[in-house]
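J.: Listed below, chain by chain, are the residues.
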Amino acid sequence: MAVEILKEKSRASVPEVTIGATKEQGGTRTHTITVGGDAALPFHHFEGEIKHRPVVALEVNDIVPEWNENLLKYYRDVVDNPGQWAKKCVEEYGADLVYLKLDGAHPDNGNKSPEECVAVVKDVLASVGVPLIVVGCDDEEKDNEVLVAVAEATSGENLLFGNAEQTNYKSLTAACMVHKHNIIARSPLDINICKQLNILISEMNLPLNRIVIDPTIGGLGYGIEYAYSILERARLGALQGDKMLSMPIIATVGYESWRTKEANLSTEENPSWGDAEERGILWETTCATALLQSGVNILLMRHPKSVQLVKKHIDQLMVPNDY
Amino acid sequence: MSKFAVTFFPENITVEVEEGVSIKQAAALAGIELKSTCGEVGTCGRCAVKVIGGDIKNLGGNLSSRLRNSGHVLACRTFPESDIKVEIPAESRLDEHQVLVSTSREKGILVERELDLLEGYDFDPICRSVYLELPPPTITENASDLTRLTAELRKHLEHKEIRIPLSVLRNLAVTLREADWKVSVTLACFNGSAHIVSIEAGDTTSDQYGLAVDIGTTTVVAYLLNLKTGSVVGKAGTYNKQARFGDDVISRMIYANEPNGLEDLHKAVIGTVNELIDKLVKEHKIKSSNIQTVMSAGNSVMAHLFLGLTPKYIRLDPYIPTAADLPPVTARDLGLAINPEAWVFSFSALASYVGGDIVSGVLCTRMSEADEMTLFIDIGTNGEMVLGNRDFLVTCACSAGPAFEGGGITFGMRAMKGAIERLSIDPETYEVSVETVANGKPVGICGSGLIDCIAKLRDVGLIDRTGQFQPVSSDRLRQNEEGPEFVLVWGKDTGVGKDIVITEADIKNLIRSKGAVYAGIRSLLQMVSMDMEAIDKILIAGGFGNYLNLSDAISIGLLPDLPVEKYEFVGNTSVKGAQLALLSRQAYQDAVEIGRKMTYIELSVGTTFMDEFVSALFLPHTDLSLFPSVPA
Chain A
4 MAVEILKEKS
14 RASVPEVTIG
24 ATKEQGGTRT
34 HTITVGGDAA
44 LPFHHFEGEI
54 KHRPVVALEV
64 NDIVPEWNEN
74 LLKYYRDVVD
84 NPGQWAKKCV
94 EEYGADLVYL
104 KLDGAHPDNG
114 NKSPEECVAV
124 VKDVLASVGV
134 PLIVVGCDDE
144 EKDNEVLVAV
154 AEATSGENLL
164 FGNAEQTNYK
174 SLTAACMVHK
184 HNIIARSPLD
194 INICKQLNIL
204 ISEMNLPLNR
214 IVIDPTIGGL
224 GYGIEYAYSI
234 LERARLGALQ
244 GDKMLSMPII
254 ATVGYESWRT
264 KEANLSTEEN
274 PSWGDAEERG
284 ILWETTCATA
294 LLQSGVNILL
304 MRHPKSVQLV
314 KKHIDQLMVP
324 NDY
Chain B
229 MSKFAVTFFP
239 ENITVEVEEG
249 VSIKQAAALA
259 GIELKSTCGE
269 VGTCGRCAVK
279 VIGGDIKNLG
289 GNLSSRLRNS
299 GHVLACRTFP
309 ESDIKVEIPA
319 ESRLDEHQVL
329 VSTSREKGIL
339 VERELDLLEG
349 YDFDPICRSV
359 YLELPPPTIT
369 ENASDLTRLT
379 AELRKHLEHK
389 EIRIPLSVLR
399 NLAVTLREAD
409 WKVSVTLACF
419 NGSAHIVSIE
429 AGDTTSDQYG
439 LAVDIGTTTV
449 VAYLLNLKTG
459 SVVGKAGTYN
469 KQARFGDDVI
479 SRMIYANEPN
489 GLEDLHKAVI
499 GTVNELIDKL
509 VKEHKIKSSN
519 IQTVMSAGNS
529 VMAHLFLGLT
539 PKYIRLDPYI
549 PTAADLPPVT
559 ARDLGLAINP
569 EAWVFSFSAL
579 ASYVGGDIVS
589 GVLCTRMSEA
599 DEMTLFIDIG
609 TNGEMVLGNR
619 DFLVTCACSA
629 GPAFEGGGIT
639 FGMRAMKGAI
649 ERLSIDPETY
659 EVSVETVANG
669 KPVGICGSGL
679 IDCIAKLRDV
689 GLIDRTGQFQ
699 PVSSDRLRQN
709 EEGPEFVLVW
719 GKDTGVGKDI
729 VITEADIKNL
739 IRSKGAVYAG
749 IRSLLQMVSM
759 DMEAIDKILI
769 AGGFGNYLNL
779 SDAISIGLLP
789 DLPVEKYEFV
799 GNTSVKGAQL
809 ALLSRQAYQD
819 AVEIGRKMTY
829 IELSVGTTFM
839 DEFVSALFLP
849 HTDLSLFPSV
859 PA
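Protein sequence lines correspond, in order, to chains A and B.
To convert, count from 1 in the first sequence and add 3; that's our numbering.
To convert, count from 1 in the second sequence and add 228; that's our numbering.
No lab work stands behind these hints: they were computed from the structure.
Just so you know, these numbers come straight off a predicted model, no measurement behind them.
Possibly wrong hints are sitting among the right ones.
Said to hold, decoys possible - Computed footprint of chain A on chain B, listed as stretches where at least three residues anywhere in the stretch have a Cβ under 8 angstroms from a Cβ of chain A:
hint, segment
1, 685 to 697
2, 734 to 741
As the list claims (entries may be wrong) - Every beta carbon over 10 angstroms from chain B, so not counted as near; a handful from chain A, in silico:
hint, residue
3, Glu11
4, Arg14
5, Gly40
6, Val93
7, Glu155
8, Gln169
9, Thr170
10, Asn195
11, Gln199
12, Leu203
13, Glu206
14, Gly277
15, Arg282
16, Lys308
The C-beta atom is built at its ideal place from N, Cα and C for all residues, glycine as well.
Please work from the sequences and hints to get the whole structure.
T.: Given below as structure tokens:
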């Protein structure tokens, strides 16, 4: 007797967010990336369409980051040139998107002017054809200057800008409205604040299909279970029709994984844990694959080998399981 | 002069008025504002109402034939001549969003409520005074003075055992003789015995008083009652002097552990009550020694500190109070400035964080006898709520903070003269107009004014849904050292000589308070798997002020978005319940029963409350579908 598979149809789906604009669309990208559109729980192809595969963004920084050598060595030759760094990420390491972090704007990290930041972003745009995610330096005041300037200078490119937070969302939302970009709404691991921020942003009249949410995650061993349950709740809410929780999700996997003790302790310091680099790669990969199951649409990553593993994993997950 | 009861529908609010008071004036006493532009001379025809029962005197006036033919009259030109019932059509209301569910304090409605209070109970005060004329002793009738007294007393009492304190006994011989054997004996009857507390010469039974006290974390309120008539002679309220040791019960409990901490706290609350006693005694020209009993209601921590019991173990797992059924003690032991032999009673507490004040509230609202599913919410520093009816009662407590009582808010205050209780903000110019209690010069903002303030700031877009100020051009919106603030009244127009402002921190404070209350309601309902819609009636208690503007309270998400008809504002039920218990021994007994019947739900167990709390930290709520009547 054939097994009958219980199927749950969702009432609603995740809105599609398109990042980037081609020449015809008023930008300079060679192609655009669309995320979201999920009409079922992650990879439940038998219950609804998983319209777009999850994508991987690789992180590029405008200053030399203090990364572990096992990671930094892959970027050593380009680390002081964001344009070349981005190019390497896309051409050699297979990044779908570039996640450009403007840490150099921070008053403690060189205090780059908005004009200097605009130049960096333009340089990266010129070097790669993929759409960009541009994120500030985590200093509220400075971000409001820098990101607004960058949004203006890249008007028409339809980039993804971050981060809007509950205490500081107005400037960035307004800039994204005027210059037609998308926004990352970041909330501190709290489903209610996640939803509140979406309401606040959408009440400024930014359409819901221009918002990507970052509900914040904990890395493997550092609260990933909690993060998972928050992301899963958001996605369940989305599929049940809660518009204010329905957006595609971005998860900062690379950032969280590479600050764990386990990803950084050298082989010599604890030989029983095995080879340090391999350990770091697996840490990031495990974190990413686990969170894919909670509904993440954009993975921010750092190590090229993790990216390889995760992309292979996504390929397999995207094969329809026809019941 | 005759008095008539006027009941207004659909609110079903009754006020008692004297002959010659118009229906329109009666409506104002009931908190219902009727339209009128002619100065109540019967020419504008706007205050039409329909009398549906009782006799009236109608002086006529300008009223459209449509309304006249359908039985309407002008409220300003119509006077009750018996108890009447009046229906108010929506078109005659000044503003249906300003329907005041009830007024309290010095306004008409209170008379009615006090009559209600004893309904179903006999007037049988726990402490009463009996006038005796004793046969003087002779060489053959030679029983002792005390035997003579008790023999006569027994004719008036059902109690076999009569106790007398030493201090009264010492003066007995002299008092009896100086009074020519005509004395008034005041006794407290409890636990099957009668306890003499004072003996005075002559008939002074009309001059004996009792005190009903609500000991709140932030405010203390006392009612002075005449023990013979049961009437309220005076009322007084003030801030709890314990406030300087911490704003909420937790910080008080922590302070109680410091050296002398418990003593400081005990003395502070006794000092607060004594201050109220002093005020009442002076104002009503009575002798403090004629206050013969006290009934107190307060949360468990307040009750412990009032008696000087350590609250230490209430705070520590597994949260055990020293006593839940608190025994009567004497005023001497507590240091209250009344007759030292007077007995002081406390309402029983239910759980460590649900105290006698809530039992008192349930008692005086009769919700434990009701068929309707009732939600009772006492919005104080410790927000407490009870859900149920005659079949069951569940209760919980959440820390709402002192904001609605004016605590922790820059210009917060109790609802006293000059407190802003209503305000409006012009959506274009952001100019503010305010109404104050007793029309005094503005000196601060009371709870109802604060609710109004948040609602209006949000209405005109001055704050976003999280309570952050939005950049607008108005010189009223400015930066201080701690952040943005908005000027409600300029210094020159106030009674304090400086600008009255509301700061962003104040607003966040209020949002936390309202969030805690709403989260408590939702959590309680979840615990019993019940929908908001299943509630038939909501009773709101608390010391906000004269008004509770319901539509504002709903629009900021303090109270559930349910039809206005379901709500009733019952004021300070803690002190009213204490008043009832003083006047009826049966009521005092019933309070103990109510306490036993309630099931306490601990909100700190599990994650429900925290989750609900964070989702309620938004105007009105993260789940906007819970507030369908609030415009986006």
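J.: Please go over all the hints and tell whether each is borne out by the structure.
T.: Structure-based check of each hint:
no. : hint       : verdict
1   : 685 to 697 : holds (count 4)
2   : 734 to 741 : violated (count 0)
3   : Glu11      : 22 angstroms, holds
4   : Arg14      : 14 angstroms, holds
5   : Gly40      : 24 angstroms, holds
6   : Val93      : 39 angstroms, holds
7   : Glu155     : 19 angstroms, holds
8   : Gln169     : 6 angstroms, violated
9   : Thr170     : 8 angstroms, violated
10  : Asn195     : 4 angstroms, violated
11  : Gln199     : 5 angstroms, violated
12  : Leu203     : 6 angstroms, violated
13  : Glu206     : 7 angstroms, violated
14  : Gly277     : 37 angstroms, holds
15  : Arg282     : 34 angstroms, holds
16  : Lys308     : 38 angstroms, holds
Violation of the numbered hints given earlier is confined to hints 2, 8, 9, 10, 11, 12, 13; the remaining hints are satisfied by the structure.
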